[in-house]
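Start from the sequences and build out the full structure, keeping to the hints where you can.
If you read the sequences in order, they're chains A and B. Quick note: the first sequence, position 274, residue 274 per the numbering used here, numbers continuous. Quick note: the second sequence, position 73, residue 73 per the numbering used here, numbers continuous.
Misleading hints may appear alongside valid ones.
Distance condition first, Cα-Cα at most 20 Å in a straight line; then the derived DMTMM-like pairs of lysine to aspartate or glutamate [said to hold, decoys possible]: (1) K29(B) - E292(B); (2) K663(A) - D464(A); (3) K411(A) - D277(A); (4) K850(A) - D676(A); (5) K67(B) - E819(A); (6) K29(B) - E297(B); (7) K763(A) - D330(B); (8) K67(B) - E916(A); (9) K431(A) - E257(A).
Far from chain B, by Cβ distances over 10 Å, these chain A residues were calculated [said to hold, decoys possible]: (10) L211; (11) D230; (12) K405; (13) A519; (14) D544; (15) W563; (16) K650; (17) G691; (18) I718; (19) T774; (20) R924; (21) V928.
In short, the hints are calculated from the structure, not lab data. Virtual Cβ for every residue (Gly too), placed ideally from N, Cα, C.
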Amino acid sequence: MKIEEQDGRAKREDVCPSQKGKLDLNSVRARIDQATAHDEAEKTGPEYWRSLEEFARSDDFQEALHREFPKGASEWLDSVSRRGFLKVMGASLGLAGMTGCVKLPLEPIVPYVRQPEEVIPGRPMFYATAMTLGGYANPLLVESHLGRPTKIEGNDQHPASLGGTDIFAQASLLGLYDPDRSQSVISMGDLRSWQGFLTAIRGPLSAQKALQGAGIRILTPTISSPTLADQLRNFLKIYPQGKWHVYEPVNRDNVLEGAKLAFGQPVETRYDFSKADVIVSLDADFLYAGFPGNVKYIRDFAKRRNPDGNMNRLYVIESAPTSTGAKADHRLPVKAAAVDAFGRFLGSGVGVFGQNAQPDMVGESGDFYAHLAKDLMTHQGSSAVIVGDHQPASVHALAHLLNTKLGNVGKTVFYTDPIDANPVNQTESIKDLVADMRGGKVDLLIILGGNPVYDAPSDLNFADAMTSSKVPLRVHYGLYQNETAELCQWHVNATHELESWGDARAYDGTASIIQPLIAPLYNGKSAIEFVALLSGQTEVNGYDIVRAFWQKQHRGADFEQFWRKSLHDGWIEGTTYQPKTVTAKAQGIPIPSAADSNAIELNIRRDPTIYDGQFSNNGWLQELPKPMNKLTWDNAVLMGPKMADRLGVKTIDVVELELYGKKVTGPVWVQVGHPDNSVTVSLGYGRKRAGRVGTGQGFDAYPLRTSANPWIATGVQIRKTGDKYVLASTQGYQWMDTPDGNHRPLAREGTLEEYRKDPNFAKEQGEDPAPGLTLYKPYPYKEEDYAWGMAIDLNSCVGCNNCMLACQSENNIAVVGKEQCAIGRHMHWIRIDTYYHYPDEAARDRDNPKAYFQPVPCQQCENAPCEVVCPVGATVHSSEGLNDMTYNRCVGTRYCSNNCPYKVRRFNFFLFQDWETPQYKMMRNPDVSVRSRGVMEKCTYCVQRINERRIDAEREDRKINDAAHPNELQTACQQSCPAEAIIFGNINDPNSKVSKLKSQARNYSLLGELNTRPRTTYLAEVRNPNPELER
Amino acid sequence: MSEQYKSAIDADRAPVIEPGYTFGTVTEKISAIVLTRPASNGWFLGFGIAFMLTMMMLYAIGYLFLKGIGIWGTTIPIGWGFPIVNFVWWIGIGHAGTLISAILLLLRQSWRNSINRFAEAMTLFAVAAAGIFPAIHVGRPWLAYWLFPYPSTMGVWPQFRSPLMWDVFAVSTYATISALFWFVGLIPDLATLRDRTDNRALKIVYGMLSLGWRGSARHWHRYETMYLLLAGLATPLVLSVHTVVSFDFAIGIVPGWHTTIFPPYFVAGAIYSGFAMVLMLAIPIRKIYGLEDFITERHLQNSAKVMLATGLIVAYGYGIEAFMGWYSGDRYDAFTLWNRLHGPYSPCYFALLTCNIFVPQVLWIRKLRTSPVALFFISFVILVGMWLERFIIVVVSLSRDFLTSSWGMYYPTRWDWMTYIGTIGMFLAAMFLFLRLLPAISIFEMRTLLPEAEVKE
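Written out as structure tokens, the structure reads:
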């Protein structure tokens, strides 16, 4: 028996008010005597108990243990209401905390006698840190209110962010506070302590020591952390026969193999799109979250979209519609397997294989290719060819050859050492691991994050290899008790990156220090601490380990200064990888075996919002509409209209996909612009143990994913099942052309040629009435200090969805769930409308529409139609031109929403906000009201930020002035926008950024003809098509 | 004038009361329904069903207060669904009572005397049914009183530019005047009941309600003056209430709402549906309680003619709306027209045209105008049509407005239906009670129609 445990608990009992009667000491003693005899006979290891009640096996405790939730909670009878269920869950969590008393901190809580330096209640602090995705660091600046992280921004001083973020970074805040995260060490379904785990693992580890670790396997996701990699290597020094395997479902094996093919060594490819005049994307979705470096790439790309400057040109050859394709000047939908041939033709066109290789591509694609090759030839040294991670190694190798031949290397394309600390072929790595497991060579498997039971290639049958008694001891370390944790004897709860010390490298190699914003909510251990403990260190502290590692790296005496600066800036100077000189060789690039062109191709992709499934339980991401079809909460089988016609299916029809004998059923989404004879499914759905939010959403596509064909497979069989499935799309109608055949100029567009001829082309597509045409006396806004306005550059916007999540986080916007989304009750204050439009009949034939993104926040109309109709004056105009919402005054007639032509108002049809879950209370922005049931809400131009900055400026006796103080005042959407497409500011100041944008010829008002006089205006999109291709 | 033509006119001028009645028999016949005839099983059955529907409505509203208006099908962009459709429908139905009581009184249309009492009662109950919806349809119904201009300690007033605000005034004024008018008209008859009943308790109740009416010449003089004044007050309301209700839409900028034709066309539509409801109630009542002698063919014919006339005004309204959709050249208005004809709700629009325009044209045929069965069904069709009209204005217009990205669909939920059908139940339950507790036909006004009442000079 562990007496120290008892001491610890005894203390807790002192503060516990819910003691259910006193235990009879004699009965406990009797039980001890009896139990000791009994346990020694039955059990081998020590037994732990949490309280005397448990030890005495009291009925109360047994019930509490097995019921999980307090009495009454499970008597909830409303079987229909998912929301109600979630609420009760949240409430019982809170109740559990109250009755259990184990969560009460023992530290004395006293108010500050002397206020800590720099901490001013009500004033947030910002700390630089980073989060990783696929190993790549995303540099962040996190807003903290009195020790609670509340908002994530990009680190504007970091070269890989420059202030922008991506959706996964924004949503990681919700991940931190997710009440479903694993909250303790678990063994075989029982709660255990850290100490218990260490004791349990000590034996097997020392046994392995004798074998030099021959039975130890560590499986990690991609790791770029220098400290963690160093630790793992040290661990392998202690256990030299042990192996470190790496596997992540969204891996970069193809990139790695492509580099090996071309250069004979693994290198990382980095692009500088600010210098690229012509960009060719071979199925690369490089302007969307999840692509390494996308934040920087979007910035560079958007900067070059200025039609008054030197505008770049983007060609996209893609196998499934993506937001990158939507931004293309020329987009060619082809099957994924055809991209290789395309790259090869392009290669011969620019002379990679010598001049004699003639292209034999004919028809429209041939035309496209010929002009593209010509365009590339005229932009040698100022072009870039980029390939999607899912394309086979040969295409990557071809791109390297192309870039080399075109002289782009060193100018727009750079090669560096890989970011991945252990650049191995991950598919091979997990294959080896499975082979070892099946061969009985593995005695101790440590899964350091990840979820291989769910996401390993289906032909390996990882779960079966791991269980079936083949691996005696399996340890899972992770944020969630997921599918893998379920099959491991031990699960150790990890800390979130916002709770732990660590480091990681960004796409360019720059190392960032990950510093915690909050003490671990559930006493988890960081990966670094976990590995340190496994390596036999006893007293570990993440901070000390990371600091010690960098102290070793740092040369020079001024370490303290270096360390403080690195922490403050969020990155370590001098760690950016320098470009390497490598030589590409054209020989030995395998030609993939020609696929049967009649067979249906299956594209498997990472999901645009929940990635590979690791974000399944994140409500923000689940409810974030996918950029091209605005689907929420589900994945779907995407196929083009022609294919759907042939199969006789429509959107929401359920089909069965069969590949290599594995069957998967999922609903169809007819996606315009999808290449014919090919379907696309996304990963990450169909989770069985994701948590309350993610479990059971969508269908699991992993069974179709094999180690041989992880991304592209041919020969999939599709059968209609006859079932229907509700899909929740937030934008059911995606055309600017109304069904009566008319066109509405909503997102306006012209070509560069048209723009040069007539810069006012966008304004001419609508007619704005002259100012002053109103019954009411116009307010003299010009006489005010400030007149807030916003300009959104449709040319820069790449539809990355980042603004939506930034807004959700900043403004405490509720998640409503699939059922509510399906009937149009999503709550996003800013949405991105995706429109399609066929420029001509030929495009309709090819099913190649143009796509447009248009972010729509509240337009803050000067003649706001919503204001006059509100019967209680809950929405009124401020003197600075803001259309203010007074939540407390709103009775909820919804008349304002009816009368809003932009439909940006959102209504709390139910009590959408979770008022009970304690974690969410910590997460919310304290400067923004949490709305209750029955009130209208909408974009405020982040009025809380305006007021804060106004007070700051007044204290300095000046005006808010973004010309003199750049980025002084930014809305949440603006701040996080990697493309700088959203600009907000004072339109009474002619020098402000927003005034300058609004004075451009491209500026137009959406629905300006209604005389709403919106303060949010748009800069029309200008595309730069190749004049020779544009007929 | 040919004999044939003259006889046709005579036929149309059927008597408003069949010959052979005296003051005594009229009083006897009408008051018997309240005082002596036992309630039939049919009454209990009808009232029972109506009462249960009322309870269903209360359940639906209780659940609504508990959960929020999300239980309905309303969403973004269709922020108003069934509640507002039903509100406008009921308010429209409520128009017939005032029209019959006030305007026809001023126009000295004595035939109105047989139907004004229950038409007024119907108005009152319809306005009560209508009044439920604006109060419960708001997101926070416990704060709905903020729409009233009460002197708040914070000095906050409603926003007087909002048509919803005007609605509050229009509907509450209308409800007040209708109730007053109805009650004033009841006083002499309540006194009659007081005098005729043997039941002590009823005597006291009717006695208190009749405010000491003794039927003296001075009473009659004051009564007539007040009744005329109230009629004068109520007359503009017939036009104003639905005009103001139509402003809820006409002031909005939604295509399909923003038209100047709405006020007259809403008023005509209201009278249209009001008369349809009067007929739907009068036809069974006269049959069951044997009142064919008092509510004669003449009444049916006249009501049918009013329906035909207002129906044509409504048809004109539809025509002008469609014409302006095309003629304005406005892309949004044009699309609204297209959407009504071809959009997902086009069956509703065609049903509307059938119910409100095509079917009522049979009323040109005199035979059908005088057939109670045919009129009953035509009235039903018109009531359905008028409900569809409001559905199309409210829901279909909102479902596809300016930004194609924000188009949506509206599907009513069972709670929508339960509330709607529940208000019909409440309305009918009130009508059943009214029939048993108060004289459904004005006794003293009927007596003025008798030859005996003619003053010989």
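Against the structure, the hints come out as follows:
Annotation: proposed proximity of K29(B) to E292(B) holds, straight-line Cα distance about 12 Å (limit 20 Å). Restraint check for K663(A) and D464(A): the C-alpha separation of about 19 Å stays at or below 20 Å, so the hint holds. Using a Cα cut-off of 20 Å, the hinted pair K411(A) and D277(A) holds, with the two alpha carbons roughly 11 Å apart. About 17 Å separates the Cα atoms of K850(A) and D676(A), which keeps this hinted pair within 20 Å; it holds.
For a cut-off of 20 Å, the pair hint linking K67(B) to E819(A) stands: about 15 Å separates their Cα positions. Between K29(B) and E297(B) the alpha-carbon distance is near 19 Å, which keeps this suggested pair within the 20 Å criterion. For the suggested pair K763(A) and D330(B), the alpha carbons sit about 18 Å apart, so the restraint of at most 20 Å is met. This hinted pair checks out: K67(B) and E916(A) have alpha carbons roughly 16 Å apart, not beyond 20 Å.
A threshold of 20 Å between alpha carbons decides the hint, and for K431(A) with E257(A) the separation of about 16 Å falls inside it, so the pair holds. Against the 10 Å criterion, L211(A) stays outside the reach of chain B, whose nearest CB is about 62 Å from its own CB. Distance check on D230(A): its Cβ is at least 51 Å (rounded) from any Cβ of chain B, clearing the 10 Å threshold; non-interface status holds. Every CB of chain B lies more than 10 Å from the CB of K405(A), the least distance being 44 Å, so the non-interface label holds.
Against chain B, the non-interface label of A519(A) holds: every CB pair exceeds 10 Å, the least being about 37 Å. Listed as a non-interface residue, D544(A) keeps its Cβ farther than 10 Å from every Cβ of chain B; the least gap is roughly 52 Å. Against the 10 Å criterion, W563(A) stays outside the reach of chain B, whose nearest CB is about 50 Å from its own CB. Non-interface status of K650(A) relative to chain B is upheld: no Cβ of that chain comes within 10 Å, the nearest being about 15 Å off.
G691(A), annotated as away from the interface, keeps every beta carbon of chain B farther than 10 Å; the closest lies near 24 Å. Every CB of chain B lies more than 10 Å from the CB of I718(A), the least distance being 28 Å, so the non-interface label holds. Residue-level check passed: T774(A) sits 12 Å from the nearest beta carbon of chain B, beyond 10 Å. With a cut of 10 Å on Cβ distances, R924(A) stays outside the contact zone with chain B, its closest approach being about 21 Å.
At the 10 Å boundary, the C-beta of V928(A) stays outside the reach of chain B, the nearest C-beta of that chain being 19 Å off.
Every hint, counting from the list given before, is met by this structure.
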